[in-house]
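A.B. asks: Listed here are the chains, written in short residue letters.
4 protein chains.
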Amino acid sequence: MDGFSAPASIRSYEQVRAHTDYLARALTAEDQCIQSMADASPTKWHRAHTTWFFEQFVLVPHAPRYRVFDPGFRFLFNSYYDTVGERQPRPERGLITRPTCAQVTEYRDHVDAAMLYLIEAGAAPRDLVELGLNHEQQHQELLVTDITHAFAQDRLVPAPIPHFIRPQTTPGGGAFVEFPGGLVEIGHGGTDFHFDNETPRHRVWLEAYRIADRLVRNRDWLNFIADGAYETSTLWMSDGWAMARAGKWAAPLHWRQCDRSCTDWLEFGPEGIRPLDLDAPVAHVSWYEADAYARWAGARLPTEAEWEAASRDARLGEMTGLVWQWTASSYRPYPGFRPAAGAVGEYNGKFMINQMVLRGSSMATPDGHSRPTYRNFFHPDKRWQFTGLRLAMDC
Amino acid sequence: MDGFSAPASIRSYEQVRAHTDYLARALTAEDQCIQSMADASPTKWHRAHTTWFFEQFVLVPHAPRYRVFDPGFRFLFNSYYDTVGERQPRPERGLITRPTCAQVTEYRDHVDAAMLYLIEAGAAPRDLVELGLNHEQQHQELLVTDITHAFAQDRLVPAPIPHFIRPQTTPGGGAFVEFPGGLVEIGHGGTDFHFDNETPRHRVWLEAYRIADRLVRNRDWLNFIADGAYETSTLWMSDGWAMARAGKWAAPLHWRQCDRSCTDWLEFGPEGIRPLDLDAPVAHVSWYEADAYARWAGARLPTEAEWEAASRDARLGEMTGLVWQWTASSYRPYPGFRPAAGAVGEYNGKFMINQMVLRGSSMATPDGHSRPTYRNFFHPDKRWQFTGLRLAMDC
Amino acid sequence: MDGFSAPASIRSYEQVRAHTDYLARALTAEDQCIQSMADASPTKWHRAHTTWFFEQFVLVPHAPRYRVFDPGFRFLFNSYYDTVGERQPRPERGLITRPTCAQVTEYRDHVDAAMLYLIEAGAAPRDLVELGLNHEQQHQELLVTDITHAFAQDRLVPAPIPHFIRPQTTPGGGAFVEFPGGLVEIGHGGTDFHFDNETPRHRVWLEAYRIADRLVRNRDWLNFIADGAYETSTLWMSDGWAMARAGKWAAPLHWRQCDRSCTDWLEFGPEGIRPLDLDAPVAHVSWYEADAYARWAGARLPTEAEWEAASRDARLGEMTGLVWQWTASSYRPYPGFRPAAGAVGEYNGKFMINQMVLRGSSMATPDGHSRPTYRNFFHPDKRWQFTGLRLAMDC
Amino acid sequence: MDGFSAPASIRSYEQVRAHTDYLARALTAEDQCIQSMADASPTKWHRAHTTWFFEQFVLVPHAPRYRVFDPGFRFLFNSYYDTVGERQPRPERGLITRPTCAQVTEYRDHVDAAMLYLIEAGAAPRDLVELGLNHEQQHQELLVTDITHAFAQDRLVPAPIPHFIRPQTTPGGGAFVEFPGGLVEIGHGGTDFHFDNETPRHRVWLEAYRIADRLVRNRDWLNFIADGAYETSTLWMSDGWAMARAGKWAAPLHWRQCDRSCTDWLEFGPEGIRPLDLDAPVAHVSWYEADAYARWAGARLPTEAEWEAASRDARLGEMTGLVWQWTASSYRPYPGFRPAAGAVGEYNGKFMINQMVLRGSSMATPDGHSRPTYRNFFHPDKRWQFTGLRLAMDC
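Chains as they are written, first to last, in the working numbering: chain L, 111 to 505; chain S, 111 to 505; chain V, 111 to 505; chain U, 111 to 505.
Chain L extracted, bound-state conformation (with noise of 0.2 Å):
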């Protein structure tokens, strides 16, 4: 995002705000309405609750005569901010008809208006302000693979997102960079927005070590399937493996076989059915996956720090924009962390246990959205997601 400026804000907030209903233009308010599993939320709750965050944590607070659209909405559309109250129940929020999808274009509409008004006026607290449109950007992301979760339960495959565009693959690479190691820094120790979770930012010892200048591709993971690794227990994790039994897990999600040969995949995303691009990176496999790959493979996954301190390496391709990469690394705070203060306080500090840190970003990922500091996570049995990986090894 640009500076803080009036008309650079108002810029980078009317940008974000469409965004999202660009995103949701190709689906019925019936399509909006839907959720697949308790993990995934309607298209329709999630261009509410992105109104509703600014509204509950903007314009409650600093705009003294702003009217709440709704009283209703704070119980319906706050996601997990124990702090603000109770709210829906996560699995039904597919069960919310009312408001409807107009009725939350008109809700988008009234809390637009009085956010520019205030922005327009100086009134509005920047830091809440950038919060908002990024955590906006995350609900963009979710709502593409939300959307894509839901619609790939439909037989006949519809595209939810038909406009949805695709990066180019390229062939080639595959080679391992070295990196030294030593005490590095890590974590965001600037004034520009990030997330809490990001810093601070702080010193850590790496051994040295290789990490793959490119993702892992499709064509990598049809080896791995055709080697028979989702049928070889000592690959993976112990959790791992009981939940591939479980899940009856063969091939990556998404993916669909045709019956001739193990060659024609087809593959489901938000553009609807495709024939797999080999050249692609994988996408949509599990952390249990991505680990028992790299086992597979005589390497392992790169812990946050390497790949943070490696990020910034010419030589090293494929680090944004593409796939999510899975990361070595347990979703714990950084040394020294505080949780902001106040409600916002639960937007990430909580969670920080039982998942593990991607990075990079995704081509579901908003431009602008993406730091060498950004930590994402996910639970290890999490596939929803564009979520891939690259290899490491020690040196």
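To be clear, the hints were calculated from the coordinates, so they are not data collected in a lab. Just so we're clear, the structure is a prediction, and the values are computed from it rather than from any experiment. Don't take each hint at face value.
A pair holds if it fits inside one copy or across any two, identical chains being indistinguishable in the list.
Straight-line C-alpha distance at most 25 Å; calculated DSS-like pairs for lysine-lysine [unchecked claim]: (1) Lys-358 / Lys-460; (2) Lys-358 / Lys-492; (3) Lys-460 / Lys-492.
Given the coordinates of chain L, work out where chains S, V and U should sit on it, guided by the hints.
C.D. replies: The following block gives chains S, V and U in isolation, referenced to the frame of chain L:
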């Protein structure tokens, strides 16, 4: 329904079909899409499935030039006909966003045009058309109870069917009417429309019995609650007690208590939230609760044969149009029962286990869809229908 | 059982009590402790619970100077008597290590001494003593089937009751015997011992029917399997089909297939693993399977009234002592049924829902514990008892 | 353990093996058979599995003339070695009645004789024997906590290990000791016995930190409870809060409250039920509770590197022998970690996900089985071990 002259048939067809859409008229596209539990179906699904029934069982076999509206609907809108083939899993009916609500309306129009043409041409098989219309009437009742259940999950308790007409309640009554029993005949013996589960007409031996001249009322049920019946195991069947504990049952479904006192209960229904009418028959109780109530009252539920043998006696009131009445009878085939031939043989027969028979009809049952021989059935733990009870006793 | 002169009573008491321990004689202390599923109980628990029944219902109320063996047993060995109080949760009976097996033997001796003294003194209430002995005989059968189920989980399939005597099988038979029906009387009308659920004797109207002169045999069942019946949905009740899919049923419980060919089946039983006897009646099938078999065979199950009305006809063979016979009848109270007074009123009445009646008796039923009016009952999905079937047809 | 001269080895072997049976000496055959949850194993199983470990990994490959005691034990007593083959499902270990307890004693004698012969002959591979003995010591601790959990299910709370020795508690302490941090080395670097997960020794950068000189005590925990911490969501990780709600946690596991007042708590342990010792370190808390406590106290848990770097400082007390201490560190491989070759490579490595590291040792840890580099690990919701905590803070 009237006889089967073409004009009368057309009138019946048009009336029944129109009533379905009339019931849904206050529901948005999103309202029509959701499913609040596996037992319930979305409004849109009811509207499409009843249409598919005519397409699949009348038009496809009997209208040679009929063009199927969409071949995918055979999968989406088949309810449980194994003979017809695979289908959308029942708990995932709420994920069907496409066809949209508007497209389902088109589907209804398409099938209606073909049906009316076929009836007018005298080429429609009478029995299947009548079955289709009675089938649609059953779904009209489910449409009401399913959307009421869905909206009951909503904190704001909006009214799904604000134009729902609730019958007037009448105080009074409460006597037991005596019947001599003996060898009686029950079951449907005529040629007018009936479901296969009502046949064959057959003899049953009954001992003399007494049966109440009215239904158990909300006022009565409050006494049952006040007496601690929901906490008294000896009043309950063992399975019912376990269910009541697990489900934390303390009142009928859809009852909500005010803060102030026990007499100020509210009840949620198709027309929204209303004060509990003490003179109305109790509704939304499971068989387990009905059975426990009868035991508490020193009485028992009537068997379905007792109910039917008594049903035409003018001394008995409130036999139809208020709530379905749980009986003491398990839903099993009558002696000599044969399911209908073909796929429609799956209509009733395969459900004749683990369910209990209900007699009469409810305020959600369409006009004309009621017979003294009618056998409704639900599992003994189900509560979301308009289900109540009438007491009986031995002499 | 014999009459109730003191010597005869003492002989009955001693015989029944001794038989329980005779059944368990090959079981180690550990064998007697385990519980392989919530439906089953440990051998030690059966031995203690049957003893507690005499202590709780005979000695405590009727033997003024009786000293309770251990007050904690009221909690541990109460099966389901809410009137008596709290109890060990059923699925946790396998956690009762103390009292030990040896202490349970002491408990049995302690209660036996007091009981024999009471009987000899003529102070024992005959009905409760008889109830207690019949209760113990029921647990003798459960002891056999429960420990057989537990040992069936063991890869090495040891024999829990190597001295179990399996009745000889006889080829032949297979005709249907016709009965005129009409107004028949069923139920127990005399004063000799019977359970409350067999009463009152009452009239039932039956249409003419035919009933097979023998049980369905393993040889028949192989044809059912070979014909693909376990994969043919139209043969099954809807709930049964769902259960068969979920449980991956492909043969009766305890059947195990050799590698070589379909005819080489083994069957596990109290005496260990044995080749399947093709002339033996099929056992360990659920009601769902029995019902599907009957449909496949173009027949049906008899109702319990049909079974009982025909039961004394000499043309029918294999009525008792082989396998319990599933009927078409739901387990519901007879017209005019009243449970016994007091805690023993919980014996039968509260289970009269969701279960199906079985008639006859099995090879695990103790001698003398069988009557034409006897009503056994299990849920339709249960398979671990010696349960089979006999076919019937309309005329 | 001592060095590996034959006499010293024999002494070690005999001592460790004898201690297992010493722990079980008050347990009957039935006590040794039961399993109260999937996480726990029967005492008999521990006794047999530790024996099988020597048989499978030492005798079979290294003692050419060794006769396997019973080939079926490879199935029954394999814990989780996929490389070795199929095994008894973990939740069904409580169904193993055969071999009996006495036969397991014979098995232990059989293997001991062969092992002692092999050690005496100098033919036993030192590393595997030491691994086997340390493995058995780990199971000694599990034997204590597993049987304590099982007996805790018993209303009469008998003492499974009445001869259990509980360390004396000491009031006092409570200061925070400061450490400078910097580049420290952690992990095991020597050649004496250690598990593979303690290696390699490696450098870690630490910021300056403070760590408490004693453990959190029961007296402290009562303040945490009294302050409503179990009802205050903001103190908890999101997953922990959900777990605490679902499990209705209101105090550490095995605490039981008297009726009278909050200070009169009892605690169940190996020696039975006792008044809660307020000066004893809190035990049986999950990581979620430990983490919430630290937040409530304005502190945090130490990382495992902080703990280890501080562990030899004389100012810190209560480092071992009381309760395992939850750390802030996820259980992940050290940089450069390589699992051991062969089946024993499954010992630790495949569990390095979803668990948290504990340091120190507990009152149930056998003497000599403790090292500053020792890494114990459990899932963050587990409570049945002797698990407590020590606070830390940033400087």
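A.B. asks: Against each hint, give a clear statement of whether it holds in the structure.
C.D. replies: Do the hints match the structure? See the list:
1. Lys-358 / Lys-460: between (31 Å within a copy, 20 Å between copies)
2. Lys-358 / Lys-492: within (14 Å within a copy, 27 Å between copies)
3. Lys-460 / Lys-492: both (19 Å within a copy, 19 Å between copies)
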